[in-house]
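The residues making up each chain are set out below.
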Amino acid sequence: ETVMTQTPLSLSVAPGQPASISCKSTQSLLYSDGKTYLSWYLQKPGQSPQLLIYEVSSRFSGVPDRFSGSGSGSDFTLKISRVEAEDVGVYYCLQGTHLRTFGQGTKLEIK
Amino acid sequence: QLVESGGGLVQPGGSLRLSCAASTSTFSSYWIDWVRQAPGKGLEWVAIISQDGSVNYYVDSVKGRFTISRDNAKNSLYLQMNSLRAEDTAVYYCAKDWGRRMDVWGQGTTVTVSS
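Sequence order for the protein chains is A and B.
Throughout the first sequence, residue numbering follows the numbering used here, covering 1 to 111 in sequence.
Throughout the second sequence, residue numbering follows the numbering used here, covering 112 to 226 in sequence.
In isolation and in its complexed conformation, chain A is listed as follows:
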């Protein structure tokens, strides 16, 4: 089983400031087709999760460009360049290379 570890588990950021979340996997997420199946989700309070980033760094349709993803192998990062009030919620990484596994989640709050 591939275990996904996110850090930090919680984050308090002032509006307009950057935020960064790390996600590490216990094995490489590079698939045999050459792609790396790591995606990021935001679950806003009271809502279903929504896809933000897929294949490490591709933004999903409608996702603001202040969200970016990076990384390779087993080490990945989600960055928000300038946090806004609407970004509050819990962020999850998901690996799709070895079946599916979510990280524990990172709760983002606004200072």
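Please note that a few of the clues may not be correct.
Said to hold, decoys possible - Straight-line Cα separation of at most 27 angstroms, DSS-like style, residue types lysine-lysine; simulated pairs:
no. : chain 1 : residue 1 : chain 2 : residue 2
1   : A       : 44        : B       : 152
2   : A       : 24        : A       : 35
3   : B       : 152       : A       : 107
4   : B       : 152       : A       : 111
5   : B       : 185       : A       : 24
To be verified - Chain A regions said to be covered by chain B (calculated; three or more residues, Cβ under 8 angstroms):
no. : stretch
6   : 11-24
7   : 100-107
These are calculated hints, taken from the structure and not from any lab test.
Computed from a predicted structure; not experimentally measured.
Here a beta-carbon is modelled for each residue, glycine too, at the ideal position from N, C-alpha and C.
For chain A, the structure is supplied; the task is to place chain B on it using the hints.
Then chain B, alone, in the frame of chain A:
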């Protein structure tokens, strides 16, 4: 769009069948997942099924108790849950799995296992 139903209160050891209805004619083109979220906890992947239903995988904690299936003629996905335990209490989501990512989610249905 995906809409889950079938949740409710069930006693430990009981059974429940969840449904997920898709409002799209391309339903049969996608793998579909079930994901759950226990109260106050994170997301946990539960199961996945291939486009034609011939392939499925489960998280270890539900193997032998849960069965994922689909009826493409009805644009529907199912999760038969047997031998339910208190730790199965959660909101259950279905999600479209496209390119090994979950790009469309339902609103969830709540399952409570309690006596």
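Handout entry: Pair hint outcome, residue 185 (chain B) versus residue 24 (chain A) [Cα-Cα no greater than 27 angstroms]
Key = Answer violated: residue 185 (chain B) to residue 24 (chain A) is near 39 angstroms, above 27 angstroms.
Problem - Coverage criterion applied to the stretch 11-24 of chain A (partner chain B; beta-carbon cut 8 angstroms; 3 residues) - result: Coverage by chain B is violated here, the residue count being 0 at a Cβ distance below 8 angstroms.
Problem - Given hint residue 152 (chain B) paired with residue 44 (chain A) - CA-CA distance at most 27 angstroms - result: 14 angstroms, holds
Practice task
Could you grab the alpha-carbon distance between residue 152 (chain B) and residue 107 (chain A) and see if it respects the 27 angstroms cut-off?
Solution key: Within the cut-off at roughly 11 angstroms; holds.
Handout entry: 27 angstroms Cα cutoff - pair residue 152 (chain B), residue 111 (chain A)
Key = Holds: residue 152 (chain B) and residue 111 (chain A) sit about 23 angstroms apart, inside 27 angstroms.
Problem - chain B over the stretch 100-107 of chain A, status - at least 3 residues with CB closer than 8 angstroms - result: holds (count 6)
Handout entry: Hint consistency between residue 24 (chain A) and residue 35 (chain A) [alpha-carbon to alpha-carbon, up to 27 angstroms]
Key = Measuring from Cα to Cα gives roughly 17 angstroms; hence the hint holds.
Hints 5, 6 from the list above are not met by this structure, while the remaining hints are.
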